[in-house]
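Trainee: Letter by letter, the chains look like this.
There are 2 protein chains.
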Amino acid sequence: MAKHKKAPAPSVSELLRLVPAEPVDLAGIDPRGTPGVTGGKGAAGDAQQELAVQLADLQERLYASGRTGGQRRVLLVLQGMDTSGKGGTVRHVLGQVDPQGVTVAAFGRPTEEELHHDFLWRVERRLPPAGSIGVFDRSHYEDVVVTRVRGLVPRSTWSPRFGIINRWEERLVDEGCTVLKVFLHISREESRRRLLARLDDPRKHWKFSGDDIDDWGRWDAYTDAYEEALRRCGTERSPWYVVPADRKWYRNWAVTALLVEHLTALGLEWPAGTFDVAAERARLLTAP
Amino acid sequence: MAKHKKAPAPSVSELLRLVPAEPVDLAGIDPRGTPGVTGGKGAAGDAQQELAVQLADLQERLYASGRTGGQRRVLLVLQGMDTSGKGGTVRHVLGQVDPQGVTVAAFGRPTEEELHHDFLWRVERRLPPAGSIGVFDRSHYEDVVVTRVRGLVPRSTWSPRFGIINRWEERLVDEGCTVLKVFLHISREESRRRLLARLDDPRKHWKFSGDDIDDWGRWDAYTDAYEEALRRCGTERSPWYVVPADRKWYRNWAVTALLVEHLTALGLEWPAGTFDVAAERARLLTAP
Chain A
58 MAKHKKAPAP SVSELLRLVP AEPVDLAGID PRGTPGVTGG KGAAGDAQQE
108 LAVQLADLQE RLYASGRTGG QRRVLLVLQG MDTSGKGGTV RHVLGQVDPQ
158 GVTVAAFGRP TEEELHHDFL WRVERRLPPA GSIGVFDRSH YEDVVVTRVR
208 GLVPRSTWSP RFGIINRWEE RLVDEGCTVL KVFLHISREE SRRRLLARLD
258 DPRKHWKFSG DDIDDWGRWD AYTDAYEEAL RRCGTERSPW YVVPADRKWY
308 RNWAVTALLV EHLTALGLEW PAGTFDVAAE RARLLTAP
Chain B
58 MAKHKKAPAP SVSELLRLVP AEPVDLAGID PRGTPGVTGG KGAAGDAQQE
108 LAVQLADLQE RLYASGRTGG QRRVLLVLQG MDTSGKGGTV RHVLGQVDPQ
158 GVTVAAFGRP TEEELHHDFL WRVERRLPPA GSIGVFDRSH YEDVVVTRVR
208 GLVPRSTWSP RFGIINRWEE RLVDEGCTVL KVFLHISREE SRRRLLARLD
258 DPRKHWKFSG DDIDDWGRWD AYTDAYEEAL RRCGTERSPW YVVPADRKWY
308 RNWAVTALLV EHLTALGLEW PAGTFDVAAE RARLLTAP
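Quick note, the sequences are listed as chains A and B, same order. As numbered in the numbering used here, residues 58 to 345 make up the first sequence, in order. As numbered in the numbering used here, residues 58 to 345 make up the second sequence, in order.
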């Protein structure tokens, strides 16, 4: 009988990546799922510690490359329903790396000035510089989701944006930017629980308004809009990843793992110095 | 015999603040000192944990206030000799708070464009927005220190800058910005050790050049330039703090404590909501 080689375990990226251009059925993905984790929360906690060390090391290499002429950068796009944990992901995942190498841009309601430009103008301005990890907490995808669901712009405006976004992201990839797009996938029931918890906590009232519950009431319309965006803007070079997000520990583990895998793929080495180590050492040691 | 009330322990700010406008003698301040810490490194580690929780809470209040119309912001200016630990302070101290509420600006050699503007132009552009903590890793103080020591501009250029800086910082304070200026005070011997360690670590070569050792050789000239800057730009509303920095654990503890004390002084409350909690709760609970 022929011996079969055991296939290597799939990467987290492979487990969570949507197949580009294929129809997306979010109802078929369990928001409480934990793909890639065996052993539950405890095991993930240990793995998270290790990943944090790797991520810090990789981020420093990225930063070093940017400071020595490299053009690599990473853009992490976070999308998801309200309460899906975009802010928590920034705090817990990006909180693991040197703040010096991270830029965070949160996109809310556009300003007057932003509305006088095309929809990519404001995101273009917040792209990370070479050597940095940039995070978009909401992004240009709001312009094919919230604007559509709330009827802020007509179909003739939002519909061409899928193609515009694809060409724009392609350009970023061409220029050395890794575009890592993550949809935080939360269930309607978990979202209801989190909204209720916010109402119970006066420290969270400032970030709450009746609009949030209006939007929660439009869950199905948002799901439809997201499914179309994930399908039409999932490309080979800039695919979408769906991270089950009902469990915060899994969400943090998975986004950390995605970052680690994408940064590892860049194969970054420490830049060499441009000086004579022995000579500089001698100068230091012989000085009074 | 009259009973004397025990004086309260001085704050870290009081312990480390330079008296405005008085002559500064850095040789008289021990770089291995640990003012405010009793019990050494272990005790400071425990205290650091508590301070980290306080800092995260205060930062979130600051952020909330900024998102609801408040104008408060904090600018942490880090200066010090090369190897004094500015980068490490950013990583360890600011790494304790939500990256969303922190902006970090590192100022290196000015670009061509920056040189075509006055020296405050580039720092003005990197000021933190309302609700944020901004960190300057090096700052406008380079323009009265390194430019002077290296002879890049004549005295007639750098000398008037002390007054210009004071008026500019005064404006920031007027506008609701807390200006927290920290000089990381390291000894020449510790600096030599750290430079040698960098030479021994190929992962650090990219941030090293012979210029660093040239500058290290000008230790006394840098000390003189700093002493004058600390004296002439230490004002009542924007004083300088000298943090002994030979011990990294103390440096991290002290800068965290300074931030906590300055943020506490702002007396920030959680902004109130603008909605009817009971009504919103009912809407959530009655939805299918």
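Heads up, a few of these hints could be off.
You can't tell identical chains apart in this list, so a pair holds if it fits in one copy or across any two.
[As the list claims (entries may be wrong)] Simulated pairs of lysine to aspartate or glutamate, DMTMM-like, Cα-Cα distance not exceeding 25 Å:
no. : residue 1 : residue 2
1   : K261      : E318
2   : K264      : E170
3   : K261      : E171
4   : K305      : E107
5   : K63       : E181
6   : K305      : D82
7   : K305      : D114
8   : K261      : D175
9   : K261      : D333
10  : K305      : D155
11  : K261      : E227
12  : K63       : E293
13  : K63       : D333
14  : K264      : D114
15  : K261      : D114
16  : K261      : E79
Simulated from the structure, these hints should not be mistaken for lab results.
Trainee: Work down the list of hints and note, for each, if the structure agrees.
Mentor: Hints and how they fare:
For the homomeric pair K261 and E318, the shortest alpha-carbon distance between copies (23 Å) is at most 25 Å, but the shortest distance inside one copy (34 Å) is not. With identical chains, the CA atoms of K264 and E170 are at most 25 Å apart within one copy only, with a shortest distance of 23 Å there and 39 Å across copies. In this assembly of identical chains, K261 and E171 lie within 25 Å of each other by CA distance neither inside one copy nor across copies; the values are 28 Å within and 41 Å between. Taking CA atoms no more than 25 Å apart as the test, K305 paired with E107 passes in both settings, with 18 Å inside one copy and 24 Å between copies.
With identical chains, the CA atoms of K63 and E181 are never at most 25 Å apart, being 45 Å at best within one copy and 59 Å at best between copies. Taking CA atoms no more than 25 Å apart as the test, K305 paired with D82 passes inside one copy only; the shortest distance there is 22 Å, against 52 Å between copies. Taking CA atoms no more than 25 Å apart as the test, K305 paired with D114 passes in both settings, with 24 Å inside one copy and 20 Å between copies. In the homo-oligomer, the alpha carbons of K261 and D175 never lie at most 25 Å apart, since the shortest distance is 33 Å inside one protomer and 42 Å across protomers.
In this assembly of identical chains, K261 and D333 lie within 25 Å of each other by CA distance solely across copies; the values are 14 Å between and 56 Å within a copy. Taking the shortest alpha-carbon separations for K305 and D155, both the intra-copy value of 22 Å and the inter-copy value of 16 Å come in at or below 25 Å. Proximity of K261 to E227 under the C-alpha cut-off of 25 Å is found in neither arrangement, the shortest distances being 38 Å within a copy and 34 Å between copies. For the homomeric pair K63 and E293, neither the shortest alpha-carbon distance inside one copy (27 Å) nor that between copies (70 Å) is at most 25 Å.
Proximity of K63 and D333 under a CA criterion of 25 Å is satisfied in neither setting, with 48 Å inside one chain copy and 59 Å between copies. In this homomeric assembly, K264 and D114 come within 25 Å of each other (Cα to Cα) only across copies, at 15 Å, whereas the closest approach inside a single copy is 34 Å. Within a single copy, K261 and D114 get their C-alpha atoms only as close as 34 Å, which misses the 25 Å cut-off; across copies the closest is 12 Å, which meets it. For a Cα distance limit of 25 Å, the shortest separation of K261 from E79 qualifies neither inside one copy, at 38 Å, nor across copies, at 45 Å.
Violated hints, in rising order: 3, 5, 8, 11, 12, 13, 16; the structure is consistent with all others.
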